[in-house]
Structures are given as structure tokens and as C-alpha cells.
Amino acid sequence: MKKTYILEDLDCAHCAAKIEEAVGKLEGVSKSTVTLLTQKLVIEVEDERAKSIYKDIEKIVKKFEPDVEVVEK
Amino acid sequence: MSKKLKKRIKRVAIGAAVYIVAVLFQTLFGELPWFCHLPLFLAAYVIIGGDVVKNALRNIGRGQVFDENFLMMIATVGAFFVGDYPEAVAVMLFYQVGECFQSYAVGKSRKSITALMDIRPDYANVLRDGDWTEVEPDEVLVGECIMVRPGERIPLDGVIEKGSSSLDTMALTGESAPRDVAEGDEVISGCVNKNGVLEVKVSKPYGESTVARILDLVENASSKKAKAENFITKFAKYYTPVVVICAALLAVLPPVVLGGGWSDWIYRALSFLVISCPCALVISIPLSFFGGLGGASKEGILIKGSNYLETLADTEVVVMDKTGTLTKGNFAVSKVVLSENVGNTGIVAVKPEDISVAAKSDDETMGREERMQAVLLQLAAYAESYSNHPISKSLLAAYGREVDVSLIQDAQEIPGHGVAVKVGNREILAGNEKLLASRDISFEQADEAGTLIYIGEDNRYLGYILIEDEIKKDAEKAIRDLKASGVKKIVMLTGDHEKVAAKVAENLSLTDYYAELLPGDKVSKVEELFTEKPEKGKLAFVGDGINDAPVLARADIGIAMGGLGSDAAIEAADVVIMTDEPSKIARAMKISRKTLAIVKQNIVFAIGIKVLVLLLAAAGMASMWAAVFADVGVAVIAILNAMRALRA
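Taken in order, these protein sequences are the chains called A and B. With my numbering, letter number 73 in the first sequence gets 73, and the count goes up by one each step, no holes. Take the position in the second sequence, starting the count at 1, then add 1000; the result is the number in my numbering.
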């Protein structure tokens, strides 16, 4: 299923690319796109992983950009 | 501007002030030893770049080494060690100013683009248990009744049950003229109700309503990335490590090999580090594309991804459907022709006063022929007034005045032929050639493309009226603009008759046309055109989305016209033009070209300056000042350039 997250205060293009790559490598994620300009992370994730994935995403985002908040949409 | 950014600017400004004091102090008391100057510069450095150093250290702790914070820290701390205090602080200062500016610019363009697509309705007023309740749009069920007051946005697609108003479709179509609607009309979510209160019966759930589909499309547009964007991502991945490795080699190798001069080579290496961030590219390229997509949607052109901007810009062959794309798909009177004998004897009007009213309103006297034509149209309108056929409707529309039915004594519809009515003491006939032939009225057969209505009176022939599918007002301009923008071939495909197609193609001076095609034939014709076109040029297909889905999908780029209301079009096409104007195709191409030009300028400019300064720095001919310009200055210029894409 498709899930969208808003990465509040994301304003570093480098970090956006790194987050995109790292999230894409998470288990159960088949596609990950971060758009800096809309501050959005869109992922394609297996249904049974959908619930638990948020924590992993938050961990990754905090690693690259500690000031960014991840909000599920 | 965000609070975070304001705080940052304030801090940088204070730091800059301290820095100026430090520089003044140094120029006035230059003979004092270094430890007298250092504290002031250090203070300025900490105020300006404290957070950069903090982030750098924190990220190292997390295993993130080569980020820009780290590189800036190494470069500036290195400069301190080499003894260039003013430069160390200046580099950090410019870096911070550049960062603030970037945040500001990105935030600003983000805002202006989201404002363009601000069509999301916040609530819906739904009738439940006899009361109007405010709920989220997605809670409303199909078949429920919603109320839209003046000034409110229509939350869901539906049909008007009560009330009339005019709708502002600006945000959806870029069209500024309001659209009038009344009971029974379909309304589209996203439009703003301007004056009357409307009660609307919901016909689609929110998720399938126009507004939700468009928002979904626009929001996902950025996930389909252009080649240029992917290039930059790859470039950025290798650029920084390569430059950093070069810097390390530059600092160590020459002094070891050539001997001595450590501080000079370290200084050169530090300049390398300052230039090592590809920010200018990484931010400005996506920003340009985003601006291009935003600028296009402002004009009612939705492009589903920045990769399509590239395809649009390279389009050399445009294949167009006729009906609904170049023509309106309705019927209208285009010609009224009198027979020869009318020239001598004239025709008697059914209601002369209606004819003279028309003359007066034009504020000039009608010529005799013109008057006769008006009379012929009046006769036709009276003859057809009882018929429901679309052709009758277009005749009545062309006549434009009320038909006085009390004057008609008898009306008779003759299937396959036409109609005959009795008005006063005469019989008026309107229909095809079979009708006149069956009454033994002699007439000359006209050679015209379109539908012909022959008019007879008792036993003489009066003339004919030509009814055609109208060519859209801006179709000619559309073709002209396409040709001007470098499209080599414009081909029309249609299922319509050869004669009609030939006429439209000639009027619009199209390159070529193929008529009397079945829907399946269109795909094979497009295949044929593919083999004929040059390798590099792209082929675009433009259709109204009805029966076009396979061709829209087959073409390099599928453009759907009149996206409002046609779900199939929004699904199948790569570009959706929200209005019915074919001239928007050339507009979309122009926006694409401009965006791509900006992208190219930025790539060449940013990489060019960086490589140049890297070379100069390696040769010892560029100071750290030049390096800062190559980093921050270039980024700022590239971003300013990127923002032009938005104002397409």
C-alpha cells in the first residue's frame, strides 16, 4: 500500500536524498520517494509492515536530520 | 519565513557585527601579536558557525562523516590553524548567509506553488435528519445533499438540485471568466461558488471527485523525475567524495614530493573543501522543475512529472484528434446560401418585425442579400421548431429569437427526409435532398463538407443552410504557435468524413490528416507515424480522452483536453489540459522549454564555475574568497534563476 509522510522543516536536499535511499532499503518497502519541495515522503510498503514502519522511518529521519518531524498523513 | 530561519538570521547578523569589529581592530592594531586578535575572531566564529560545528560533531557521532557541516568545519578550522582568521570567519559567514537564503527561497517557492493548487475543500455542509451539518468532505456519501453558500468551495462533484449561481473555476482551469450554472447542471468540486446558494446532490465520493484526483495528480507529479534530475542526484553522490579526496591529496602530496610549503598547500586544499558541496545543483534543479510544473498548473495545464517536461520540449510531431480537440464537437450554422431564383423574387418573412429588429440592433441597414439570408434562417427555424434533433437546435440557436408557435398551423416530421410545416397559407420544407426530390422541386446540389439543410417553400427552392462542427476559436492560433515552436508535423486523425476532415485540415493548414478511421485505426496510424519521425523528436497525441486511451498511452506523451469532468482522460494522459483550448499545448511546450533552458543554464553554470575555481585553487590562484563564491554565490544565483521557472 501507499503511505505518505510529511517531513516537517526538511530543507536540506542532501539529506532528502539520503533519507530516500535509506528508507528504500527498509524491509518491506518497495519504493521510496522524498520530495524536498513538498516535504513529502511517499513509500510503497507491504500491508503487514504498514503499521510498524513508522518507527523505522522516524529513526532514519532523525539520524540524518534531527530537527525534522515525521508526520503521518 | 519560519521562526527557525528568523532566529538564524538574527544570530548571523550579530556575528557579522562582531566580525566587523574584529577586522577593524586588526587593521588598527596590526602590529599586536596574534593572540590579541584571535579572541574577537573566535567569538564571531562561534556566534556565526557554532551550530554548524555542533551539527558536524553530532553527525560524526552518528556515523555521517562527509556532510556539508563537516566540510565547512574542517575548512574553517583549518584556516584558523593556517593563521587566516578573517577568512575563516568570512567563509563561515557567507556559508550561513547562503544557507539562510536557500531556506528562504525554497520556502517561498514551496508556498507559492502550494497556493496555486489550493483547491482542497475544508468541509461540506450536508443535509442529515433535516438539518445542515458541517462534516469532512470525505464523510459525505453519494446521493446525499450538500449546500454550498456564496464564497465557499464546492467540496464534491454533483448535480445541482436547487439554485443557480456562477462558479469561479480559476484555480482549476486558469480561466478567469466565471461559469454560469443552474438546476440540473453538473458541478465540479474545487470551483468556488460566487453568488447564489446551491443545493447539490453528490454524485461521487470525495476520493473520486475532481478535486481529490487533481490534488493527487499534482502531489505525485514530483515522483516522476526528469533525466536531468537523476543526473544531478548521481553527480552529487560522487562529486563530494572526489573533491574531498583531491583536497587530501593536494594537502599532502605536493609538500612531500616537492618539499616544504605545507601551509600554502593546506590553504589550497581547504579551498577545495569549501567548494565540495554540490548545493547549487542539488537545490536549484528540482526547484526549476517544480517551478515549471507549478507555473503550468497555474494556467490549467497539469503535467504528471518533470520527465514529461523533457519530452514536451523535444516534441516534433503532434497528432491531434479532430472532434473535441480542434473542433467543439457541436453543430452550428456556418453558412446560409440563397438559391438563384430568390435573388430575383425574394422571400417573404414569417414575422418581418423580428428581422428588422436584428437590423436595427446592428446599427446599420441590412443589405438586401443579408436580409434575405436572415429570412431564410427564420423560415428554417420555424420549420424546425417542433423537432428535437440536434440540428434543429443549432438552427434555432443561430436564429436567436423566439419562435411564435401560434403562427404555425401544422407541423409534420418526415423520417429520413426532414420536416414540413404550414405557416399562413404556405408550406415550408426543411430537410435533405430527398425531401426536395420527393416534392419534385428542382434544386442544385451543393458541394459542401458538413450537414446541408435544403429549404423549400411550396414548390420552389429557396436555398440551403450549412451546419458544421465548429472549429474552436483558438485552434488556428494553436496550430500557428505549435509550428512557431518548432513542431515539424501536425497530423489530424478523425473518424469523420473525408470531406469534413479535408476542410478542417485546410482551414487550419495542418501538415496532414487521416479521415474515416475507426478507433483501432488510430493506434495503427500513430504506429506508422512513429516509424516516419526522426529518432530524436518525440510524438505527442492530443485527444479529448473519449475512446483515446490506447493512443494516449502509445504516444511518447499523451495530452488530454478538457480534463474537467473526464476521468478517463485524467487517468490515461501524461498531461491534462483543464480547459478546452488547444492553444495550451504550445503553451505547455513553451513552459517546458523555458524550464529546461533554466535547468541547463544552472547545470553548466554551477559545474563550470566550480571546476574553474577548483583548478585555480589547485594552482594557488584562487583565494578562499573565490571558493566561497563558487559555493554560496553560485547556489544563490542558481536558485534565483530557478525561481524564474515559476513565472512562466
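Keep in mind the hints are simulated off the structure, nothing from the lab. Using N, Cα and C, we set each Cβ at its ideal position, and we do this for glycine too. Any given hint could be a false lead.
Distance condition first, Cα-Cα at most 27 Å in a straight line; then the derived DSS-like pairs of lysine-lysine [said to hold, decoys possible]:
1. A/K73 <-> A/K63
2. A/K31 <-> A/K59
3. A/K62 <-> B/K1234
4. A/K40 <-> B/K1108
5. A/K63 <-> B/K1600
6. A/K59 <-> B/K1600
7. B/K1335 <-> A/K18
Under 10 Å between C-beta atoms, here's a sample of chain B residues computed to sit facing chain A [as the list claims (entries may be wrong)]:
8. S1002
9. R1058
10. G1063
11. E1068
12. R1110
13. L1217
14. N1220
15. K1237
16. P1278
17. C1279
18. F1289
19. S1623
For each hint, the structure was consulted:
{"no.": "1", "hint": "A/K73 <-> A/K63", "verdict": "holds, 21 Å"}
{"no.": "2", "hint": "A/K31 <-> A/K59", "verdict": "holds, 18 Å"}
{"no.": "3", "hint": "A/K62 <-> B/K1234", "verdict": "holds, 24 Å"}
{"no.": "4", "hint": "A/K40 <-> B/K1108", "verdict": "holds, 16 Å"}
{"no.": "5", "hint": "A/K63 <-> B/K1600", "verdict": "violated, 33 Å"}
{"no.": "6", "hint": "A/K59 <-> B/K1600", "verdict": "violated, 36 Å"}
{"no.": "7", "hint": "B/K1335 <-> A/K18", "verdict": "violated, 66 Å"}
{"no.": "8", "hint": "S1002", "verdict": "holds, 7 Å"}
{"no.": "9", "hint": "R1058", "verdict": "holds, 7 Å"}
{"no.": "10", "hint": "G1063", "verdict": "holds, 8 Å"}
{"no.": "11", "hint": "E1068", "verdict": "holds, 7 Å"}
{"no.": "12", "hint": "R1110", "verdict": "holds, 6 Å"}
{"no.": "13", "hint": "L1217", "verdict": "violated, 13 Å"}
{"no.": "14", "hint": "N1220", "verdict": "holds, 7 Å"}
{"no.": "15", "hint": "K1237", "verdict": "holds, 8 Å"}
{"no.": "16", "hint": "P1278", "verdict": "holds, 8 Å"}
{"no.": "17", "hint": "C1279", "verdict": "holds, 7 Å"}
{"no.": "18", "hint": "F1289", "verdict": "holds, 9 Å"}
{"no.": "19", "hint": "S1623", "verdict": "violated, 26 Å"}
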